[in-house]
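Chains as they are written, first to last, in this note's numbering: chain X, 1 to 245; chain W, 1 to 482.
Computed list of lysine-lysine pairs in BS3-like fashion (alpha-carbon distance at most 25 Å, straight line):
(1) K203/W x K267/W
(2) K100/X x K455/W
(3) K239/X x K223/X
(4) K136/X x K455/W
Quick caveat, the hints were computed from the structure, so don't treat them as lab data.
Computed from a predicted model, the values in this text were never measured in an experiment.
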Amino acid sequence: MLQIKNLHAGIEGKEILRGINLEINPGEVHAIMGPNGSGKSTLSSVIAGNETYKVTEGDVILDGKSILDLSPDQRAHKGIFLSFQYPVEIPGVTTTNFIKTAINAKRKALGLDDFPAKEMLKMIREKADLLEMDRKFLSRSLNEGFSGGEKKRNEIFQMAMLEPKLSILDETDSGLDIDALKIVANGVNKLKSKDNATIVITHYQRLLDYIVPDFVHVLYNGKIIKSGGKELAFELEEKGYDWLK
Amino acid sequence: MSKYTEDDLKKELEDKEYEYGFYTDIESDTLPKGLNEGIIRAISKKKKEPEWMTEWRLESFRIWQKMEEPDWANVTYEKPDFQAISYYSAPKPKKELESLDEVDPELLKTFEKLGISIDEQKKLTGVAMDIVVDSVSVKTTFQETLKKHGIIFCPISEAIQNHPDLVKKYIGSIVPKTDNFYAALNSAVFTDGSFCYIPKGVKCPMELSTYFRINEGGTGQFERTLLIADEGAYVSYLEGCTAPQRDENQLHAAVVEIIVHDNAEIKYSTVQNWYPGNKEGKGGVYNFVTKRAIAHKNAKISWTQVETGSAVTWKYPSCVLKGDNSVGEFYSIAVTNNFQQADTGTKMIHIGKNSRSTIISKGVSAGKSQNSYRGLVRVNSSADNARNFSQCDSLLMGDQCGAHTFPYIEAKNNSAQIEHEATTSKIGEDQLFYCNQRGIDTEKAIALIVNGFSKEVLNKLPMEFAVEAQKLLEISLEGSVG
Numbered sequence: 001m002l003q004i005k006n007l008h009a010g011i012e013g014k015e016i017l018r019g020i021n022l023e024i025n026p027g028e029v030h031a032i033m034g035p036n037g038s039g040k041s042t043l044s045s046v047i048a049g050n051e052t053y054k055v056t057e058g059d060v061i062l063d064g065k066s067i068l069d070l071s072p073d074q075r076a077h078k079g080i081f082l083s084f085q086y087p088v089e090i091p092g093v094t095t096t097n098f099i100k101t102a103i104n105a106k107r108k109a110l111g112l113d114d115f116p117a118k119e120m121l122k123m124i125r126e127k128a129d130l131l132e133m134d135r136k137f138l139s140r141s142l143n144e145g146f147s148g149g150e151k152k153r154n155e156i157f158q159m160a161m162l163e164p165k166l167s168i169l170d171e172t173d174s175g176l177d178i179d180a181l182k183i184v185a186n187g188v189n190k191l192k193s194k195d196n197a198t199i200v201i202t203h204y205q206r207l208l209d210y211i212v213p214d215f216v217h218v219l220y221n222g223k224i225i226k227s228g229g230k231e232l233a234f235e236l237e238e239k240g241y242d243w244l245k
Numbered sequence: 001m002s003k004y005t006e007d008d009l010k011k012e013l014e015d016k017e018y019e020y021g022f023y024t025d026i027e028s029d030t031l032p033k034g035l036n037e038g039i040i041r042a043i044s045k046k047k048k049e050p051e052w053m054t055e056w057r058l059e060s061f062r063i064w065q066k067m068e069e070p071d072w073a074n075v076t077y078e079k080p081d082f083q084a085i086s087y088y089s090a091p092k093p094k095k096e097l098e099s100l101d102e103v104d105p106e107l108l109k110t111f112e113k114l115g116i117s118i119d120e121q122k123k124l125t126g127v128a129m130d131i132v133v134d135s136v137s138v139k140t141t142f143q144e145t146l147k148k149h150g151i152i153f154c155p156i157s158e159a160i161q162n163h164p165d166l167v168k169k170y171i172g173s174i175v176p177k178t179d180n181f182y183a184a185l186n187s188a189v190f191t192d193g194s195f196c197y198i199p200k201g202v203k204c205p206m207e208l209s210t211y212f213r214i215n216e217g218g219t220g221q222f223e224r225t226l227l228i229a230d231e232g233a234y235v236s237y238l239e240g241c242t243a244p245q246r247d248e249n250q251l252h253a254a255v256v257e258i259i260v261h262d263n264a265e266i267k268y269s270t271v272q273n274w275y276p277g278n279k280e281g282k283g284g285v286y287n288f289v290t291k292r293a294i295a296h297k298n299a300k301i302s303w304t305q306v307e308t309g310s311a312v313t314w315k316y317p318s319c320v321l322k323g324d325n326s327v328g329e330f331y332s333i334a335v336t337n338n339f340q341q342a343d344t345g346t347k348m349i350h351i352g353k354n355s356r357s358t359i360i361s362k363g364v365s366a367g368k369s370q371n372s373y374r375g376l377v378r379v380n381s382s383a384d385n386a387r388n389f390s391q392c393d394s395l396l397m398g399d400q401c402g403a404h405t406f407p408y409i410e411a412k413n414n415s416a417q418i419e420h421e422a423t424t425s426k427i428g429e430d431q432l433f434y435c436n437q438r439g440i441d442t443e444k445a446i447a448l449i450v451n452g453f454s455k456e457v458l459n460k461l462p463m464e465f466a467v468e469a470q471k472l473l474e475i476s477l478e479g480s481v482g
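Chain X on its own, in the form it takes in the complex:
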């Protein structure tokens, strides 16, 4: 599904990713772990198409085609979803209105008519229930005054609504208490299918108790220095990152 080939990228002339190679197939969950400043968030931003970062070498291929020339919204239309580490606030725009706009933008790009309001409403209710979200959040301004945990839950709610092919969860566990973490992880697991894939970016092994990865990669200094199965996460938790350097 997604192939990352020798990816080099940076910001303002400073190289952050120094040759990433990664292959992700449908149905897989990949965890990317690494210490602060190793390039985890840069990787997710580059895949999503954030133009703050410049790709200097290599390629990102989705379903056999390079996506580097696509704008972030075009990439989203192709099924890439990024759950942000720090979701932004948009005052005056309700979560419902925002997600409706997003879904219809995607449908328009795919040549489909607007999602019928009645069905949308039904889907919104289902997905909100799945994430045990209080429905009143849906009529509040997007992320405005939300706690850290509420924002993250809202990210996963949007993911559930948009039904992406590839989801990237960037530090989704930060700011979540253990109960919220379980709910979010449970939601992610329920959304998993043989056709979609997930990249979980995290500092800690904790989240991986609930979202069990098929593969774990260690990112350090802009490169993947070790890959393995889920047991690698436990090893990292025990030994830290220093033994890999």
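For this one, chain X is given, so just place chain W on it according to the hints.
Only chain W this time, still in chain X's reference frame:
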């Protein structure tokens, strides 16, 4: 590369010419340019006005001659040459019109281009139209229903002839001839506008709506509007404007006077989209307006405005809260782009006890525009327990525009409670990226963010206008981002 970058957006914005910049070719009957007592007498004569009105105009003209054009507003522009303006221009009436079929097809086409075809408007339930093209009303509808309720809604020139007592009683009572330079000028030369009187205890069963348009190149337009809600009456009045594209600056100096008697309520909503000038700041309408309302005991006046047009705007819809327990509200969205300049806000003058006022002002600045909020809250010594809440929010796009806030507070009564909140924010790259990541393109994202920002004000508009206003916000800001 198919990326839609900021540069593309900026480019598109610059290339974007005024959508409604067209010109309707209607035969006009225009007075020679210039202003003197002879011209004023001619206007008055053309309008078949009684002698007192002619005298009133002449007196205003004499006052105006002694006044100087004000320059305290935070705007710069070339002062109009008042002798280069033609003060009267009317489409030549062929005959009295019985139905829309008789309206000039050119004119109907114009309205269709604006998306406000009369056919559609007629179908809209409960909207009566008094269409003003240049200076003369062409067609008035829904008169029968209004007549049934004893409501008078007509061009002011008709009111001067048919209801002289009412006009004489109220005209200039809220905005006197001496009020300011442009009000004095308007008093001397106004040619049309609307008059509305709601009798005691009557709730007007429909939204009243007027479309003002400037049509004849080089013709200034001086509207005079007078609204009166007698005791316990209610009316919601809508006004919307748009103008054809012009190279030379067009002056518009309207006066709106509103009288809200005891226990009455008036809601006055405006959507203004006059030609703002081109991307170099050439052309565009000068909009120097005086709008003021007086609220008597337990009365309520509510101003809602969406300002997206004009090269230079100078406008402060105000409330004189004279009666005890009177309420004044001002909800405003002002959008400026390219080289537009807006200095707008309100005045809340608290005189009555327990009078309350609310000010919600939203300014959106893009391009190289300058957007100022200027507001006065004055609590007189008589106004025990007066309350005001003001909120002024500015949203900036790019780093070449300006947002300014000039709040003035004068409290002469210790029991007054005055609150003022102000915020300034910028549409952030992170907000745009977030929307983009969800599949929403930058243009749509800006519209979404601006609509969210303006929501509190948009919500105050009657439904018919809310949709149009949202469209206007999008058109005005298409392609602007920083």
